[in-house]
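Novice: Spelled out, the chains give:
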Amino acid sequence: MRYAILLMGAPYSDQASHSALRFAHALVARGHCLEAVFFYHDGVHNAARLAAPPQDEPHLVDAWAGLANEHRVALQVCIAAALRRGLLDEREAARHGKDGVSVQAPFELTGLGQLVDLGMRCDRLVTFGP
Amino acid sequence: MQDHHHYDSDLLVILRHGPHGSSWLKEGLDAALVAAAFGRRVSLLFMGEGVTALMPCQKKGPLGQKGTAETLEMLEMYDIDSLLVEEQGLSCLGLSSDDLMLEVTSLSPPALARVFAEHRLVLTF
Chain A
1 MRYAILLMGA
11 PYSDQASHSA
21 LRFAHALVAR
31 GHCLEAVFFY
41 HDGVHNAARL
51 AAPPQDEPHL
61 VDAWAGLANE
71 HRVALQVCIA
81 AALRRGLLDE
91 REAARHGKDG
101 VSVQAPFELT
111 GLGQLVDLGM
121 RCDRLVTFGP
Chain B
1 MQDHHHYDSD
11 LLVILRHGPH
21 GSSWLKEGLD
31 AALVAAAFGR
41 RVSLLFMGEG
51 VTALMPCQKK
61 GPLGQKGTAE
71 TLEMLEMYDI
81 DSLLVEEQGL
91 SCLGLSSDDL
101 MLEVTSLSPP
111 ALARVFAEHR
121 LVLTF
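Chains as they are written, first to last, in my numbering: chain A, 1 to 130; chain B, 1 to 125.
For reference, chain B alone in the conformation it holds in the complex:
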């Protein structure tokens, strides 16, 4: 299915940052949740370092930050079930989709290009 899926969401939110070190991931997820709460269909695409957001067993660390794992666990409640991951982002870090805390669809470069083309609105964080 990985190369033939059709993405009919209104909005693609691209997440390119890890859970700590900046607020990009948190604020990107906030945008996705608000869009979903307003009834928009949202796809999430984790790219590059952003795939580390999906590493299991994350806790609220000693960094003074809330982290994002709890938010990711709530995605289903918001009907955000289109979770996409850049295949290359995973392999660069020696990971596979089986290592992640949620079920995702892993996308090859050509499949990524199609995802971009099929979304009218793309927000990149």
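For reference, chain A alone in the conformation it holds in the complex:
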């Protein structure tokens, strides 16, 4: 089946991100297609390039990037939710006159229309939140 995940929990604050990641790996292991993970609400913090968790904890940001690179899963971050929380890619940083970049590939800033599109296109959209 074709799946998509909607993640709305912040990393390290709620179980949601850990559960979503484990679910994503389970889907792929079962031979399903995971088209995309859409990050919305506080879930956008999963895309924070500068996250530096202690070494004995899972690195969620790197884990999402690994999933994307290994299994061609799109990592789509709601641009409106991201910008107001300080998550900007190179283009948005330049546009807003900021001298730091907090989001990088394979995460991509995109619109909520993508979420609706995923929900309509995929067989299942599974939400993880606090």
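Because the hints were derived from the structure by calculation, they are not lab data.
Which chain A residues stay away from chain B? Per the calculated CB distances, all over 12 Å, these: (1) Ser19; (2) Arg22; (3) Phe23; (4) Ala26; (5) Ala48; (6) His59; (7) Ala65; (8) Glu70; (9) Pro106.
Here are some, though not all, of the chain A residues that point toward chain B, as calculated from beta-carbon distances under 7 Å: (10) His41; (11) Leu112; (12) Gly113; (13) Val116; (14) Gly119.
Beta-carbon label-pair distances, calculated as ranges: (15) A:Arg91 x B:Cys92: 44 to 52 Å; (16) A:Ala93 x B:Gln88: 43 to 51 Å; (17) B:Glu103 x A:Ala52: 49 to 57 Å.
All residues carry an ideal CB built from backbone N, CA and C; glycine is no exception.
Knowing the structure of chain A, use the given hints to seat chain B on it.
Specialist: Using the frame of chain A, we list chain B on its own:
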């Protein structure tokens, strides 16, 4: 009509939070508006504390938040006219649908179950 209505929308957006205290309601409404702007038929279901979103006379308060009443007033422009409310959510707060700023359909528990079953895509905020 309350128990025999057929909901033929593409998307059900469930709102379970009040207008202040978190951005859940605002971001849930944003998702609904975007879906509608992309031509999807959207139903909104206010559950639990979410029914307080529909209290009249809300203003931009001193809380540093824009609030959501103005967005709700724009729903008609987006052709979102399927507004559903959990009957129990209202009665728990001592409210009735007559107290609300918009016309809504109040749903009993069995009717709620049917609404969930009749929507292919459900987003919960």
